[in-house]
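S.K.: Here the protein sequences come in this chain order: A and B. Heads up, the final residue of the first sequence is numbered 110 in the numbering used here, and it's a clean run with no missing numbers. Heads up, the final residue of the second sequence is numbered 222 in the numbering used here, and it's a clean run with no missing numbers.
For the record, the hints were derived by calculation from the structure and aren't laboratory data. Please note that the accuracy of each hint is not assured.
Taking lysine-lysine pairs in the DSBU-like style, the calculated list, with each CA pair at most 35 Å apart, reads [unchecked claim]: (1) A:36 x B:119; (2) A:36 x A:56; (3) B:167 x A:67; (4) B:119 x B:167; (5) B:181 x A:36; (6) B:119 x B:181; (7) A:97 x B:119; (8) A:70 x B:124; (9) B:124 x A:105.
Residues on chain B that point at chain A, a partial pick, calculated with CB under 7 Å [to be verified]: (10) 149; (11) 153; (12) 174; (13) 178; (14) 193; (15) 208; (16) 210; (17) 213; (18) 214; (19) 215.
Glycine included, C-beta positions come from ideal geometry on N, C-alpha and C.
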Amino acid sequence: GEDVEQSLFLSVREGDSSVINCTYTDSSSTYLYWYKQEPGAGLQLLTYIFSNMDMKQDQRLTVLLNKKDKHLSLRIADTQTGDSAIYFCAEEGSYQKVTFGTGTKLQVIP
Amino acid sequence: NAGVTQTPKFQVLKTGQSMTLQCAQDMNHNSMYWYRQDPGMGLRLIYYSASEGTTDKGEVPNGYNVSRLNKREFSLRLESAAPSQTSVYFCASSEGRGGGYTFGSGTRLTVV
Chain A
1 GEDVEQSLFL SVREGDSSVI NCTYTDSSST YLYWYKQEPG AGLQLLTYIF
51 SNMDMKQDQR LTVLLNKKDK HLSLRIADTQ TGDSAIYFCA EEGSYQKVTF
101 GTGTKLQVIP
Chain B
111 NAGVTQTPKF QVLKTGQSMT LQCAQDMNHN SMYWYRQDPG MGLRLIYYSA
161 SEGTTDKGEV PNGYNVSRLN KREFSLRLES AAPSQTSVYF CASSEGRGGG
211 YTFGSGTRLT VV
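So that you can see chain A by itself, here it is in the shape it has in the complex (with noise of 0.2 Å):
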């Protein structure tokens, strides 16, 4: 079945830019997708790319996606602590099906 892997553990210091990662392994994505969890919270949906884009910006929030080698990224420019969270990459494929990833959790030190 359809596979996304992202990496468990992110730590940045505040000011600096994240960049999350995220592959996934199903050729018929059509939308892409990140997520927002913070502590004792459902997920919240931060942004989305359509497949036939390279990239979405979107205030301090940039998307790549290279469709080729199936790799999604998520840039947070001036990463503030109010950012740490846990990111989830989803894809959405055939009959509408979404597939979560695992989650990274971006810790910001002051």
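With chain A's structure known, arrange chain B on it following the hints.
M.R.: Structure of chain B alone, referenced to chain A:
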């Protein structure tokens, strides 16, 4: 604008007890989902409902049943709880392809 509302937020059950987790959305979404989240395993789909009147099994349906009561409500039932069902349960809804999911705040269930 409430979004997706789940009840209860916390629950402790004894092995063998039954309970129903409630979920309601006010966004007029057609599709609704139940996930469980366990450490190191991400989100796993239990059941989903693509539209009112339909339900389908996801990745880990054993031990669970669901009811799509109407367009707004989608409940998850544990008939005989087991310790392996200790988890955080999330309900989500979606307007369709490309719309992403809106999640509830979760139900933290412990089975002892």
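S.K.: Tell me if the straight-line CA distance from residue 124 of chain B to residue 105 of chain A falls inside 35 Å.
M.R.: Cα-Cα ~32 Å, so holds.
S.K.: Given the hint that residue 119 of chain B pairs with residue 181 of chain B, does the C-alpha gap stay at or below 35 Å?
M.R.: It holds: about 22 Å lies between the C-alpha atoms, which stays within 35 Å.
S.K.: Hey, does the residue 210 of chain B contact hint survive, CB to chain A under 7 Å?
M.R.: holds (4 Å)
S.K.: Hint residue 174 of chain B vs chain A: min CB-CB distance below 7 Å?
M.R.: violated (18 Å)
S.K.: Residue 167 of chain B and residue 67 of chain A: Cα distance at most 35 Å?
M.R.: The hint holds at about 30 Å.
S.K.: Would you settle whether the hint for residue 208 of chain B is holds or violated, based on the nearest Cβ-Cβ distance to chain A being less than 7 Å?
M.R.: OK, holds: residue 208 of chain B within 7 Å of chain A, min 5 Å.
S.K.: So, as I understand it, the hint says residue 214 of chain B touches chain A; can you test that by seeing if any CB pair is closer than 7 Å?
M.R.: Holds - the Cβ of residue 214 of chain B comes within 7 Å of chain A, reaching about 5 Å at its closest.
S.K.: Quick one, are residue 36 of chain A and residue 119 of chain B close enough, alpha carbons at most 35 Å?
M.R.: holds (20 Å)
S.K.: Is the Cα-Cα distance between residue 119 of chain B and residue 167 of chain B 35 Å or less?
M.R.: Roughly 24 Å between the alpha carbons, so the hint for residue 119 of chain B and residue 167 of chain B holds.
S.K.: Using Cβ atoms only, decide whether residue 178 of chain B comes closer than 7 Å to chain A, and label the hint accordingly.
M.R.: violated (16 Å)
S.K.: Verify the interface restraint on residue 193 of chain B: the C-beta must sit less than 7 Å from at least one C-beta of chain A.
M.R.: violated (22 Å)
S.K.: Between residue 97 of chain A and residue 119 of chain B, does the CA-CA distance stay at or below 35 Å?
M.R.: holds (27 Å)
The structure is inconsistent with the numbered hints 8, 10, 12, 13, 14, although it conforms to all the rest.
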